[in-house]
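Protein chains: 4
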Amino acid sequence: MNNTDEWQGKLQNISRLAQFNTWLDLEVVSATEGEVTLGMRWKKEMGQYNGFLHAGIQGALIDTACGFAAATLSGNVLASQFTVRCLRPAVGQSFRVVARVLKPGRQQIFTTAELYATDGGEEKLVATGDTLLVPVQT
Amino acid sequence: MNNTDEWQGKLQNISRLAQFNTWLDLEVVSATEGEVTLGMRWKKEMGQYNGFLHAGIQGALIDTACGFAAATLSGNVLASQFTVRCLRPAVGQSFRVVARVLKPGRQQIFTTAELYATDGGEEKLVATGDTLLVPVQT
Amino acid sequence: MNNTDEWQGKLQNISRLAQFNTWLDLEVVSATEGEVTLGMRWKKEMGQYNGFLHAGIQGALIDTACGFAAATLSGNVLASQFTVRCLRPAVGQSFRVVARVLKPGRQQIFTTAELYATDGGEEKLVATGDTLLVPVQT
Amino acid sequence: MNNTDEWQGKLQNISRLAQFNTWLDLEVVSATEGEVTLGMRWKKEMGQYNGFLHAGIQGALIDTACGFAAATLSGNVLASQFTVRCLRPAVGQSFRVVARVLKPGRQQIFTTAELYATDGGEEKLVATGDTLLVPVQT
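Protein chains in written order, with the numbering used here: chain A, 1 to 138; chain B, 1 to 138; chain C, 1 to 138; chain D, 1 to 138.
There may be inaccurate statements among the hints.
For identical chains, the list gives no copy identity; a pair is met inside one copy or between any two copies.
[To be verified] Dumping the calculated DSSO-like pairs for lysine-lysine here, alpha-carbon to alpha-carbon at most 30 Å: (1) Lys43 with Lys103; (2) Lys43 with Lys124; (3) Lys124 with Lys44; (4) Lys10 with Lys103; (5) Lys124 with Lys10; (6) Lys44 with Lys103; (7) Lys103 with Lys124.
Hints listed in this document are in silico derivations from the structure and should not be mistaken for laboratory results.
In isolation and in its complexed conformation, chain A is listed as follows (with noise of 0.2 Å):
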């Protein structure tokens, strides 16, 4: 499958199955082999303390836009371990994270990803990433 139209509707119906990118209403903005970018919009529910998103919703949007780029070129994956760097605080009214595969390979997918918030027109890095995944062996 080659085609971006294709690789957005099958991302956004597997996305619908994972319950939590439901509760997120995370939106697949783009995607095409071995990069994807997904869309947020912020809701109270999804605050720390101080009204910044949360650091865990960071980790879902960046592990899930890794996960999404790796399917795009080695199938089902698992993420075997994810980093979050914080850079700046989050706060804004929407989010955007694009995440692209470093290498592919049949043994591990070096992935990376940048999270960005749209606060009063402006956007912003807030946030880098990087997953390390698996072909699920099936």
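Fit chains B, C and D to the known structure of chain A by using the hints.
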């Protein structure tokens, strides 16, 4: 504040201020200086495609427990970076995360955590993680 | 192979095949299935600007010990990713790193390590780390 | 200090103060505010069992380049934590590492790096990494 019950109550109150912690219904099981245990019950809205606990929520548990452990020694803190290592499928009816401070400091606090799942009465280590935090400058 | 002395001798021989390990003059202090301890004496060529042990050599100790621990359970392995957390200044006349396998697997092996420095007769934990490895496919 | 040649010379002098950097024979190829490139030639004492560049030396290159990039913006710094992701076998006659600052700050500096190997005239990305640093308090 040295008393365990005091820390437990204080952290439980802080946790209620974080809307996402409330959605997760996190319980502060125990808290001493430098070590905190949180508990959480599974609900299906927390699921990944395959019914495992979503990796983002594993991250939320690890990040929150590490932050609470750091707070018992260093007051207000912010996470700089956290990592989650997914050792086994995170499947269970309840979850328990134990975080402790490896090294407190003026500039940064190193913490580590272990996440356990109880499935059918048996508890297993499903993930480990670590969080690096900074004191909030006031 | 279950015998501790056998693993110690075997890993010491393997270590001699790695030229950088020979330059470091790594000693396999003990080795059982899933846990390996290495020792190293300080020499001034290992120094950072301030006379601390160079962070890269801290990484070499952690990565090598984790690889050896993984090898006792999984045969030939390659590191995918490793992290070093620098808790305290790595100053000492000798160093000891203890690595153990958290979770061996067919697709990947999770390991963790602690690095200690002995300075003037007192031993301190100076760094922790972890390494994710994959079995070498033959 | 804004001038590239000045930073290059200054960092080269600092590098000579670190005995292990001298053993590695690190060259400061270029340096601007927030971005530094180092070069290194392979020698067989740097080898792993299989003749790849030892993962510890990959870490030394990434950690050192990230530290130098941070120093151009934040003065004296110390690494808190670094990660190396081993994408491909690190085999080559020479190596080049490019580090840049993602986010400088008063409390911490986030940096990222890419390590390239040139083997038989062809350059490949062999590893990526990141380092979190703190300013040295004086």
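So, going through the hints one by one against the coordinates:
1. Lys43 with Lys103: between (34 Å within a copy, 27 Å between copies)
2. Lys43 with Lys124: within (18 Å within a copy, 33 Å between copies)
3. Lys124 with Lys44: within (20 Å within a copy, 33 Å between copies)
4. Lys10 with Lys103: Within one copy only: 22 Å inside a chain, 33 Å across chains, cut-off 30 Å.
5. Lys124 with Lys10: Intra 29 Å, inter 33 Å, cutoff 30 Å: intra-copy only.
6. Lys44 with Lys103: between (36 Å within a copy, 27 Å between copies)
7. Lys103 with Lys124: both (26 Å within a copy, 12 Å between copies)
The structure is consistent with each of the numbered hints, conforming to all of them.
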